[in-house]
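Enquirer: So you can see what is in the structure, the chains are spelled out below.
6 protein chains.
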Amino acid sequence: MRVVLAVGAHPDDIELGCAGALALHKLNGDKVYLLVLTKGEASGNIDIREKECREAAAILGVDDLFFGGLEDTRVHDGRETIDIIEKIVDAVDPDIIYAPTCKDTHQDHRNTGHSAQSAARRCKMILLYEGASTQRNFVPQVFVDITRTFDVKKKATRVFGSQLNNDRGGYSSAVEAVEGLAKYRGYQAGLEVAEAFEVGRFIFEV
Amino acid sequence: MRVVLAVGAHPDDIELGCAGALALHKLNGDKVYLLVLTKGEASGNIDIREKECREAAAILGVDDLFFGGLEDTRVHDGRETIDIIEKIVDAVDPDIIYAPTCKDTHQDHRNTGHSAQSAARRCKMILLYEGASTQRNFVPQVFVDITRTFDVKKKATRVFGSQLNNDRGGYSSAVEAVEGLAKYRGYQAGLEVAEAFEVGRFIFEV
Amino acid sequence: MRVVLAVGAHPDDIELGCAGALALHKLNGDKVYLLVLTKGEASGNIDIREKECREAAAILGVDDLFFGGLEDTRVHDGRETIDIIEKIVDAVDPDIIYAPTCKDTHQDHRNTGHSAQSAARRCKMILLYEGASTQRNFVPQVFVDITRTFDVKKKATRVFGSQLNNDRGGYSSAVEAVEGLAKYRGYQAGLEVAEAFEVGRFIFEV
Amino acid sequence: MRVVLAVGAHPDDIELGCAGALALHKLNGDKVYLLVLTKGEASGNIDIREKECREAAAILGVDDLFFGGLEDTRVHDGRETIDIIEKIVDAVDPDIIYAPTCKDTHQDHRNTGHSAQSAARRCKMILLYEGASTQRNFVPQVFVDITRTFDVKKKATRVFGSQLNNDRGGYSSAVEAVEGLAKYRGYQAGLEVAEAFEVGRFIFEV
Amino acid sequence: MRVVLAVGAHPDDIELGCAGALALHKLNGDKVYLLVLTKGEASGNIDIREKECREAAAILGVDDLFFGGLEDTRVHDGRETIDIIEKIVDAVDPDIIYAPTCKDTHQDHRNTGHSAQSAARRCKMILLYEGASTQRNFVPQVFVDITRTFDVKKKATRVFGSQLNNDRGGYSSAVEAVEGLAKYRGYQAGLEVAEAFEVGRFIFEV
Amino acid sequence: MRVVLAVGAHPDDIELGCAGALALHKLNGDKVYLLVLTKGEASGNIDIREKECREAAAILGVDDLFFGGLEDTRVHDGRETIDIIEKIVDAVDPDIIYAPTCKDTHQDHRNTGHSAQSAARRCKMILLYEGASTQRNFVPQVFVDITRTFDVKKKATRVFGSQLNNDRGGYSSAVEAVEGLAKYRGYQAGLEVAEAFEVGRFIFEV
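Chains as they are written, first to last, in the numbering used here: chain A, 56 to 261; chain B, 56 to 261; chain C, 56 to 261; chain D, 56 to 261; chain E, 56 to 261; chain F, 56 to 261.
Hints in this document: simulated from the structure, not taken from any laboratory.
One or more hints might be untrue.
Put simply, identical chains are the same to the list, so a pair is met inside one copy or across any two.
[Claimed, not checked] Below 27 Å or equal to it, Euclidean Cα-Cα: the simulated DSSO-like pairs (lysine-lysine) are: (1) 106 - 142; (2) 106 - 210; (3) 158 - 142; (4) 179 - 158; (5) 81 - 142; (6) 209 - 179; (7) 81 - 179.
These numbers come from a predicted model, not from an experiment.
Model the full assembly from the supplied sequences, consistent with the hints where possible.
Expert: As structure tokens, this is what we get:
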């Protein structure tokens, strides 16, 4: 039994990035905790967004969901953000941390990624997930086979459906994009569907 | 009216990588030529593979299809390969060249990419496409909106359907992967479906 | 007719980085807007610097020049800077945005680059220009042939002549360096003189 | 029980790069095979080098040691090398392949790395080890804790002691360097001693 | 006789990163100054840490030690930090500046690295040292042979012994890691023991 | 007094890349040797090209000029090329080697760069120069101030004037491009004119 902590800047970041892996952890009996630094009030009603976030957490069956209390679009990389993450790291003592990649055009995402790695400096495994605004130079090294949990991931991400398209207008359905991404990452790894991660830190237990 | 040359190592490489862009070029009245360096005899019957290749070329409506006469799995980066490509470059005088990225685990692909760039050193635009064995450090800079030609691309790639899965076992349908990839690249670019390219050389005509 | 927005941290940044491309846009009948985040008061008299900036804008024939009202040497990457740029993005609705590369030793430049990319997240084309303090790992992907507008660029950059050498002592004339750079970038691209850009986002309209 | 294949260009490459991990695999009951492409005749007596190689294999307790029959300093990246590796891959059907990184100043090493990745294209896990002539831009992503097998590694590498210093004159003892490296990689990973790998392909089994 | 300035975020950063090079500078009759931005109060008693810092400076025989007066864990990249460094740069007019690499998981280290490079923009030589929390993508270009000063470096770093292991638990002795690192960097450069640096700026005086 | 060896694939490669640095070495009393692997017969009369090459060598005042006897456009990376370079390395025992960067679209250049680094594996300083077909991802780390020898460099490169423009049509005068490049590299380094190099290996003698 391992303890897993996933950190995100806004409701839906974690689900888009690593819901498949988190659902696998739950299938394996691991403890899974979520820390969402803001409630995403800059792109929607704060109560609705919190409710969606709790609903997705329930679908994934996570053990607890924490909010960081930071202001949306104003997540900084520094002592304040690090302290919030460290407090949860100290509380749940995770074996594995999932955090957003720093290669992202959204300042909240890259600052969350930087601060999470600072806060997780004693943790043995840190995997950095990709998302809607990830830059093209994201180069994943580690893949997770999410064939068994792809349906759960789709269900969890659909909870936020109305939000996902905010930033990219009506050009593409985020849900379809997430499915396309999973198939592409699977293709790269010789799997059906996959999530892909950059390595923050990874100890391979031979 | 521009002249376009697409170079591939094997039948199906070009279609997977840039069939959507080539079909767009045809819609725009450009001349499109294909140069396939081998007939892919290492993973199939040479006559069937040539026939499939001609069929796909017909679907895309290209102006001519050339074969380079090299031996499958033995495409080298050097004078011989460069000469073959240069001969076609001299003959059709392309404005734009599409070639495989060198970031690929298949030796034929990376050698084709290197030699194409040597042969195309006087050409103003070289775009490097991704494919089934492209490495994870492929970082595209230029995207093409293939919404209008996505159906043609799917049709052209399905011609090779039996071949595509050779390398990756039965884990994923290549056709589905190509569709997933197009949606993901579209997502990155704020489009519905897209093809993505690394820049070999790109002059932006303001 | 396209709409173009160029963003810079200080008077003269835009001219050094992309005046040749902007002048081409004007030759082509595009609308061109400039947004300069500070008035560069840290290295000169604020009134003189504003006057020079307006003079250069007139030489380029731009449609409007906006100032962001930030304090020189204190441009941060975050909500405040993003908001200022977004306001102009919303007002002019640009097809193409030119912004400084983030690979720069000057904190104002890299923060302007980051914030501009956040603010421009819905824009289809973002080109990142190089400048006097750009780091050596700037790797341009897109080149613009500025042969027709090189004289205008030289004229526009000479407006700021007294400022340019502030940082590097008397070692080199900035005007000569800009000319050398244009010739070198031209050489790389097989052109006479060129400006070179990293791609923030680039949709190639086949 | 997993099957592991380690590929090297010369006797001692594998031991320097991943003897600690291989010894761990043996502790865990995995099958471990070695494929050494040449007998290293360019820097020593061929019989002595083969004998040392067999002695090190015995110390590690590997299940079989194969030689590729290629000529030292003339390992090419191409069909011939790929075929030799593929033959062993087909024979032992490995779950994990260890091969040299391509970022190496020694042509045999980089060609072995390229060809091994081509030959292993169906394998789910490929880890690329570092060695004596690895370039400075080797950036490991995965670490293995070799605290339990460090003594075995030291014993296995000492078998080749006379060879190791050939290339770098008398400046440093290779044995001490290997120990220093293990401590440094351990330090990076928060471990006592470690081996570090670039990821060729890595499926993380959550 | 040259003037050297080494900048660090906390007591012990400079010693771990470049004490060997600094001791060489003193052997050669150069002037050496240290600027430590904080007193490291976040991980120890401020008076003890200052005392250790002065003791290490005395072992290295530096000409003066300055403290920047910033708060530990809250070093920002921006005007305030740059001004503090610039003041010392103006005072001692260094030929060579040593500063921490920006590739670091500790926010103070990366911000010190960024600000030092901004402050040192007129200096001809800037070398960026590695440390305990440096990221794996640190790629050194320049090596210094510290064979003659390795003992002094060990003595200077041992002054901080109780601090060094704070962050990585009891997994590894920092002193041993520093020795391992020096041997590994030496091995890379064909030397006995070495310190390795990324180049911020380097003019090679032929 | 140091011994310097510059390696090039064709007549004019060395002059374009590092003639300024070589002339400085001669001013300082160093021994300078040139090794040109081919006589460039693919783009000109072999006798004229050899004569030009000897003329440029005389202008630089080098101590000896060796030809490698390889065939133009067919320089491979491998034992044969390495042996040719090693023979000269053994003969002159250089302290510093200048060789072409491997980031080049011309196969002869990149193969020369790879083989030179293999052949020079025991040499303490290897600097990799840029040239006419160098790729855009060349990132120099070390600069040489060629203010004192710029006129000599211009004179030496003009010897090959008729050749230089072969590859890039009439778009730009190579001589002007070399001057532009020197000014740009100077600008980057805070110098008047400079040559820039990637580091193959660099021991900084503090």
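Enquirer: For every hint, state whether the structure bears it out.
Expert: A quick look at each hint next to the structure:
With identical chains, the CA atoms of residue 106 and residue 142 are at most 27 Å apart within one copy only, with a shortest distance of 24 Å there and 31 Å across copies. For the homomeric pair residue 106 and residue 210, the shortest alpha-carbon distance inside one copy (15 Å) is at most 27 Å, but the shortest distance between copies (43 Å) is not. For the identical chains of this complex, residue 158 and residue 142 are neighbours both inside a copy (25 Å) and across copies (25 Å), given an alpha-carbon limit of 27 Å. When the C-alpha separation of residue 179 and residue 158 is checked against a cutoff of 27 Å, the pair qualifies both within a copy, at 21 Å, and between copies, at 19 Å.
Taking CA atoms no more than 27 Å apart as the test, residue 81 paired with residue 142 passes inside one copy only; the shortest distance there is 23 Å, against 40 Å between copies. For the identical chains of this complex, residue 209 and residue 179 are inter-copy neighbours only, at 25 Å across copies versus 29 Å inside a copy, given an alpha-carbon limit of 27 Å. Proximity of residue 81 and residue 179 under a CA criterion of 27 Å is satisfied in both settings, with 20 Å inside one chain copy and 23 Å between copies.
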